[in-house]
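Undergrad: Please model the entire structure based on the sequences and the hints provided.
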Amino acid sequence: MTEDIIVKTSARLMTPFIQMFGLYVIFHGHLTPGGGFQGGAIIGASMILLAVVYGLEEGEKRLGHDASTVLESSTLFYALIGLIGIAAGYSFLANRVAGIPVGTPGALFSGGAIFAINIVVGLKVASTGKTLFYALSREERP
Amino acid sequence: MRRKMIGLTLLLLVGYVLAGLVMEMPPVGSPDAPAYTRTIPRYLSRSVEDTGAMNIVASIILDYRAYDTLGEATVLFTAALAILAVTGGDEE
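Heads up: the protein sequence lines correspond to chains P and W, in order. The opening position of the first sequence corresponds to residue 20 in our numbering, with each subsequent residue numbered one higher. The opening position of the second sequence corresponds to residue 244 in our numbering, with each subsequent residue numbered one higher.
Calculated from the structure, these hints are not laboratory results. All residues carry an ideal CB built from backbone N, CA and C; glycine is no exception. Possibly wrong hints are sitting among the right ones.
Among the chain P residues that face chain W by a calculated CB cut under 8 Å, a handful are [what the hints assert, rightly or not]:
id, residue
1, 54
2, 57
3, 98
4, 101
5, 118
6, 131
7, 136
8, 144
9, 147
10, 155
TA: Spelled out as structure tokens, the structure:
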């Protein structure tokens with residue numbers, strides 16, 4: 020690990036903005052280009068940046084293994100959102116017909132299940148990117 | 244020999260059915276394909292009303308084709324699982 024103060028300082032300064040932009044892409048996925056996959060990839064990239072600059076241990080401190088275990092399970096929440104449709108008597112993953120309020124088109128809280136699924140997919144992709152990078156870049160275990 | 248003959252017959256039968264289905268499909272890029280005459284106009288004209296989302300791509304992948312996206316999320320999950328299984332994962 021090189022002690023490069025330029026790289027370290029710029030990475031530290033940029034990380035919050037990168038993550039904020041990722042959250043923006045996720046939360047506006049139903050309004051603007053982007054969505055869960057793209058925003059999740061941005062957030063995952065910010066965590067990979069931390070790991071590259073500060074080392075794996077420091078990155079592991081920011082988002083521990085237990086946290087990624089929970090985030091990895093968000094596929095389950097996706098399926099649970101889909102079950103709302105079945106509970107309402109319609110098909111799996113039904114949105115508007117199942118009575119989920121879709122709101123005014125163009126508002127932040129609109130799109131019904133799309134909004135929730137975007138968040139779930141975003142967490143999932145971010146955590147998968149981070150998990151894959153950390154698992155593959157780890158040295159031989161002691 | 245006998246088993247080979249049975250296998251060959253089954254193969255030809257299935258191949259005949261599949262080839263017949265492929266013949267029935269509209270040619271690639273044909274403007275008369277149902278995807279262009281029905282699906283796309285329906286998505287373009289009704290997606291905002293159906294889903295309340297302004298982004299038509301989001302309304303397709305997360306509403307009309309949400310089941311497909313669930314499969315994609317499962318693929319990601321499986322990839323992470325497989326790599327953790329191969330690299331040893333978390334044994335502290």
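Undergrad: All hints are to be evaluated individually against the structure, with a verdict given for each.
TA: Tested hints:
no., hint, result
1, 54, "5 Å, holds"
2, 57, "10 Å, violated"
3, 98, "7 Å, holds"
4, 101, "7 Å, holds"
5, 118, "13 Å, violated"
6, 131, "6 Å, holds"
7, 136, "5 Å, holds"
8, 144, "7 Å, holds"
9, 147, "5 Å, holds"
10, 155, "7 Å, holds"
The earlier numbered hints that this structure contradicts are 2 and 5.
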